[in-house]
Amino acid sequence: MTIDITLTVNGTARTVRVEPRRLLADVLRHDFALSGVHVGCAHGACGCCTVHVDGTPRLACLTFAVQCDGKAIHTVESLGGVDATHPLQQAFSIEHGLQCGYCTPGFLMTLAPFVDAMVAERRVPEDAEIREAMSGNICRCTGYHGIVAAVRRAVTEQIETGSAQP
Amino acid sequence: MTSADRRHQIGGADRPRHIGARVRRVEDRRLLSGAARYLDDIRQPGMLHLGFVRAQAAHARITDIDTSALADLGAEIRVFTGQDTSGLTIKAPAGHDPKSAALPDGHQGYWRMQDSEQPLLADGVVRFVGEPIAAVLAEDAYVAEDAAERIAVAYEALPVVATMAQAQDPSIPPIFAGWTSNVYIERQMAGGDLAAARAAAAHVIRRTYYNQRQAGVPMEGRGVVAAYDPADRVLTVWSSTQIPHLVRTYLAEELGFPESRLRVVAPEVGGGFGVKGQVFVEEVLVAWLALKTGRPVKWVEDRREHLVASIHARDHLHTLTAYVAADGRLLGLEADITVDVGAYSTFPFTAGGDPGMAAKVLPGPYDIPAYAATFRALATNKCPLGTYRGVARPSAVFSQERLMDDIAAEIGMDPIELRLRNVVRTFPYKNALGFSYDEGSYAQALERVRDLVAEDRAAARASRASATTRIGVGVACFIEQSSHGTPDFTRRRVPIETGYIAARVTMEPDGEVTVDIGLQNHGQGHETVMAQVAADALGVAPENVHVRQGDTLTTPYSVGTWGSRGGPLGGGAVHEAALKIAAKLKAIAAHLLQTDASRIALHGGRAVVIGNEGSYVEIRRLARIALRNVDQMPAGMEPGLEAQCSLDGPADGTYSNAVHAAVVEIDIATGKLRLRRFVVVEDCGTILNPLIVDGQVRGGVVQGIGSALLEHFIYDEDGQPLTTSFADYLMPLAPEIPNIEVHHIETPTPRTPLGAKGLGEGGAIGPPAAIANAVADALGVPVSATPLNANTLWTLAADIRAAAETDRDG
Ligand code: FES
Ligand code: FES
Numbered sequence: 052m053t054i055d056i057t058l059t060v061n062g063t064a065r066t067v068r069v070e071p072r073r074l075l076a077d078v079l080r081h082d083f084a085l086s087g088v089h090v091g092c093a094h095g096a097c098g099c100c101t102v103h104v105d106g107t108p109r110l111a112c113l114t115f116a117v118q119c120d121g122k123a124i125h126t127v128e129s130l131g132g133v134d135a136t137h138p139l140q141q142a143f144s145i146e147h148g149l150q151c152g153y154c155t156p157g158f159l160m161t162l163a164p165f166v167d168a169m170v171a172e173r174r175v176p177e178d179a180e181i182r183e184a185m186s187g188n189i190c191r192c193t194g195y196h197g198i199v200a201a202v203r204r205a206v207t208e209q210i211e212t213g214s215a216q217p
Numbered sequence: 050m051t052s053a054d055r056r057h058q059i060g061g062a063d064r065p066r067h068i069g070a071r072v073r074r075v076e077d078r079r080l081l082s083g084a085a086r087y088l089d090d091i092r093q094p095g096m097l098h099l100g101f102v103r104a105q106a107a108h109a110r111i112t113d114i115d116t117s118a119l120a121d122l123g124a125e126i127r128v129f130t131g132q133d134t135s136g137l138t139i140k141a142p143a144g145h146d147p148k149s150a151a152l153p154d155g156h157q158g159y160w161r162m163q164d165s166e167q168p169l170l171a172d173g174v175v176r177f178v179g180e181p182i183a184a185v186l187a188e189d190a191y192v193a194e195d196a197a198e199r200i201a202v203a204y205e206a207l208p209v210v211a212t213m214a215q216a217q218d219p220s221i222p223p224i225f226a227g228w229t230s231n232v233y234i235e236r237q238m239a240g241g242d243l244a245a246a247r248a249a250a251a252h253v254i255r256r257t258y259y260n261q262r263q264a265g266v267p268m269e270g271r272g273v274v275a276a277y278d279p280a281d282r283v284l285t286v287w288s289s290t291q292i293p294h295l296v297r298t299y300l301a302e303e304l305g306f307p308e309s310r311l312r313v314v315a316p317e318v319g320g321g322f323g324v325k326g327q328v329f330v331e332e333v334l335v336a337w338l339a340l341k342t343g344r345p346v347k348w349v350e351d352r353r354e355h356l357v358a359s360i361h362a363r364d365h366l367h368t369l370t371a372y373v374a375a376d377g378r379l380l381g382l383e384a385d386i387t388v389d390v391g392a393y394s395t396f397p398f399t400a401g402g403d404p405g406m407a408a409k410v411l412p413g414p415y416d417i418p419a420y421a422a423t424f425r426a427l428a429t430n431k432c433p434l435g436t437y438r439g440v441a442r443p444s445a446v447f448s449q450e451r452l453m454d455d456i457a458a459e460i461g462m463d464p465i466e467l468r469l470r471n472v473v474r475t476f477p478y479k480n481a482l483g484f485s486y487d488e489g490s491y492a493q494a495l496e497r498v499r500d501l502v503a504e505d506r507a508a509a510r511a512s513r514a515s516a517t518t519r520i521g522v523g524v525a526c527f528i529e530q531s532s533h534g535t536p537d538f539t540r541r542r543v544p545i546e547t548g549y550i551a552a553r554v555t556m557e558p559d560g561e562v563t564v565d566i567g568l569q570n571h572g573q574g575h576e577t578v579m580a581q582v583a584a585d586a587l588g589v590a591p592e593n594v595h596v597r598q599g600d601t602l603t604t605p606y607s608v609g610t611w612g613s614r615g616g617p618l619g620g621g622a623v624h625e626a627a628l629k630i631a632a633k634l635k636a637i638a639a640h641l642l643q644t645d646a647s648r649i650a651l652h653g654g655r656a657v658v659i660g661n662e663g664s665y666v667e668i669r670r671l672a673r674i675a676l677r678n679v680d681q682m683p684a685g686m687e688p689g690l691e692a693q694c695s696l697d698g699p700a701d702g703t704y705s706n707a708v709h710a711a712v713v714e715i716d717i718a719t720g721k722l723r724l725r726r727f728v729v730v731e732d733c734g735t736i737l738n739p740l741i742v743d744g745q746v747r748g749g750v751v752q753g754i755g756s757a758l759l760e761h762f763i764y765d766e767d768g769q770p771l772t773t774s775f776a777d778y779l780m781p782l783a784p785e786i787p788n789i790e791v792h793h794i795e796t797p798t799p800r801t802p803l804g805a806k807g808l809g810e811g812g813a814i815g816p817p818a819a820i821a822n823a824v825a826d827a828l829g830v831p832v833s834a835t836p837l838n839a840n841t842l843w844t845l846a847a848d849i850r851a852a853a854e855t856d857r858d859g
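These protein sequences, in sequence, are chains A and B. Remember, this note's numbering sits 51 above the position in the first sequence when you count from 1. Remember, this note's numbering sits 49 above the position in the second sequence when you count from 1.
Chain A with its partners taken away, still in its complex shape:
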């Protein structure tokens, strides 16, 4: 059995025919050719597959594509484009918050809303708070140190540039 569903992925709506059992992660990777959606465990424990469904971080390995019919999905590809220009992406690079990069899209999609919320509050979070915000994501390479520093940097820089132009 297959079902037609319409997903608005990174701003473009498209209708695809899928089996109800097909995971959102697989549909994004195969039908939409988005290589930035990574699968690390396929059982909801590592956060690699995190995407935004209607603006909220969700695990694409625990979500069936049919559950997202009519919804807006954003993947890491939408964050800062091919040059990775988003302030959090830039901060990851400066602070060496990535090594093999496999977990990275998941961390970025988990943390981007957190960074936005902090910037909106104009508050640089404590390290413990940053670590808590990423407690659903596993990185096996970096030891998290550079990721924590990157979040701190992204928040700080955006608050500073924001305050320069009230």
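Source of the hints: derived by calculation from the structure; they are not laboratory data. Misleading hints may appear alongside valid ones.
Partner residues aside, some chain A positions facing chain B, computed with beta carbon under 7 Å [what the hints assert, rightly or not]:
| # | residue |
| --- | --- |
| 1 | T53 |
| 2 | H94 |
| 3 | V133 |
| 4 | R182 |
| 5 | C192 |
| 6 | T193 |
We treat Cβ as the ideally placed atom computed from N, Cα and C, and that holds for glycine.
Start from chain A and add chain B with the ligands according to the hints.
What follows is chain B with the ligands alone, placed relative to chain A:
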């Protein structure tokens, strides 16, 4: 835009020196944007998907494989079993002719070990849960999985060897036909006068230590795609591997396929840590299936498969006996090392790799005049053991450094002072086994750590009165041999055979540079570091250097990325190859500028006359001359700007050193441990890029923290795995990890071209020992095993709780 504007600037972003600078990684952009292509992103037209039927019994004879339920699946399915792949195996034969090379006395030779062969698909008997029994091909990955689930396998149970004790029990039959026992290998190595040490010892301290079985768990699992092109008769195999050339050679030999027509590509690889440093049955099988079916075939491992059937690590039991003088000097050390290596010997490091390495490195950073070790590898019905970050050294250092603290406690000496009394201080130093250590900073690193944790040690002492919270500080002092050359492998007679890395450097007519290197990057930032190295030698900017790796079509033959040799040997090879081109550029410049080549320096994109900056030729022009306007070259010079260097390591390698310190706080009522601090002082010789060095150290440390506290791959008494998902196999998460403090000492080695020593693994080596020592310090009890999870810690704190009870009651 004029064409001149579009030209790249050669050497534009020049710094005085790129080596040693905190250069941002060039890899990051594609990884951050999602554009990077990992194995699962490889797609081929007409591709079939492979699913596995894997053993559910630990040791059993297969009596039936029933595929009848596939008929009503409504899809075209092809099934292959061990009968189809009969004769194809993973074998890791240790050299069998001990006479062909002299074996130095007291060294490990693996010849005449009991070899095992792992069939691609089980040939009648399964020997661990997860071993592949049947391969199922379908047009869709979901359907391949459905089909695999519908195949029913019937087993007849065989006696399971599930523990070290069972593996050494002569009443339990060997798991391989023709074997005399379940011991792959048992060997001795020794040096110095142990009898004299025994006679002179004021203290004899004997302890047993154990490190649990673990999995390595890169975030991307394994995966293989293979496609045969009948037009030019080339078989291309993409694999998430650290060793593309070794995979190619293995495939060529096993499949009888000409190696010149085999291409192995490691695409972007999402972590490896040694796990992806063996040749696996799945790699051979996928290649074989592509040839057999004429269709491209793809297999992507799922997480359960990875946990039960890639490779495992550690599972070391050591008994050490130290002979100690009254003043704390170590006179001699004896070691008995047993490792549960699981069901098959892996290629290319063999079942002897882990125990042999532990025996080899146990003397560590200490000046111990006499040493003797016995090591053995046991066969059990568990996933095979392979290489994982540190390879035996985390366990060797755990035992060695727990022992140092136990000695200190027994003779009433400060543990850091005891180490300072025993560390090697004059270099080069030859240890009892005859290994020569290059310059290091062992004492200096210890002193630095002593200063850094002085306040924590005071806080730990103050906490002794507390019945609720105890603080402890532990250190681990160690060295890491890396970059060892071919003789080290020849001695062992293991199928890895050699350890060189090759690089080819090409300057193009526009002055841009291509580096093709036989390393394979899985997070180490080679593209950045190798660009820095080439840039310095050629006087251009790292931005002008394009580094390619992982593809046997473009890169020169090398052993791949393992053993912390990327920086010292990979970097060294790039440096040496680039110098050959630099020499040619200088000769052409000297010819044009009417001077001597020795008076030319390359920097900032220019070949400059030393002492006369105004007199120069642009490197871009020199490249153009060497490749296009060859009439302007000095007479008789060969056109072209391409050079290669294959760099083998020094015979005994280089020795990085480090001291790790852990500060823990333990809740006595619950056993909950908090890491208050983790401090590293490390010396990896010349630092090529501090950003990357710090990242490697920190990442390694956190894996080591996982080894110390959490990660435990558990089998029950029937050999059934109990930790087959991330819900059961626990790894460190961000909230429980502190910021890792990293300090450097730089003692360049004369043994590699750039003075660099290996550093990729070191971070993972120290934490189990440092944390166990901190726990012993906090609780005032000996600690002999890991993982130190809350359960264990709660048990270890029992005496403190009991004493508190007595105080209250009394
Ligand atoms: S892949 Fe979805 S949480 Fe791990
Ligand atoms: S960068 Fe490799 S898992 Fe995070």
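Quiz item: Does the CB of H94 (chain A) sit less than 7 Å away from some CB of chain B?
Solution: Cβ of H94 (chain A) sits 6 Å from chain B, so the hint holds.
Quiz prompt | Residue hint T53 (chain A), partner chain B, criterion CB-CB below 7 Å | solution = Violated. Min distance 12 Å.
Self-check item: Interface restraint verdict for C192 (chain A) against chain B (beta-carbon cut-off 7 Å)
Solution: holds (5 Å)
Quiz prompt | Hint check: 7 Å Cβ-Cβ cutoff, R182 (chain A) to chain B | solution = Because about 4 Å separates R182 (chain A) from the closest Cβ in chain B, which is inside the 7 Å limit, the hint holds.
Quiz prompt | Hint validity - T193 (chain A) Cβ closer than 7 Å to any chain B Cβ | solution = Given a least distance of 5 Å, the restraint on T193 (chain A) holds.
Self-check item: Closest C-beta approach of V133 (chain A) to chain B relative to 7 Å, hint status
Solution: Given a least distance of 5 Å, the restraint on V133 (chain A) holds.
Checked against the numbered hints above, the structure violates only hint 1.
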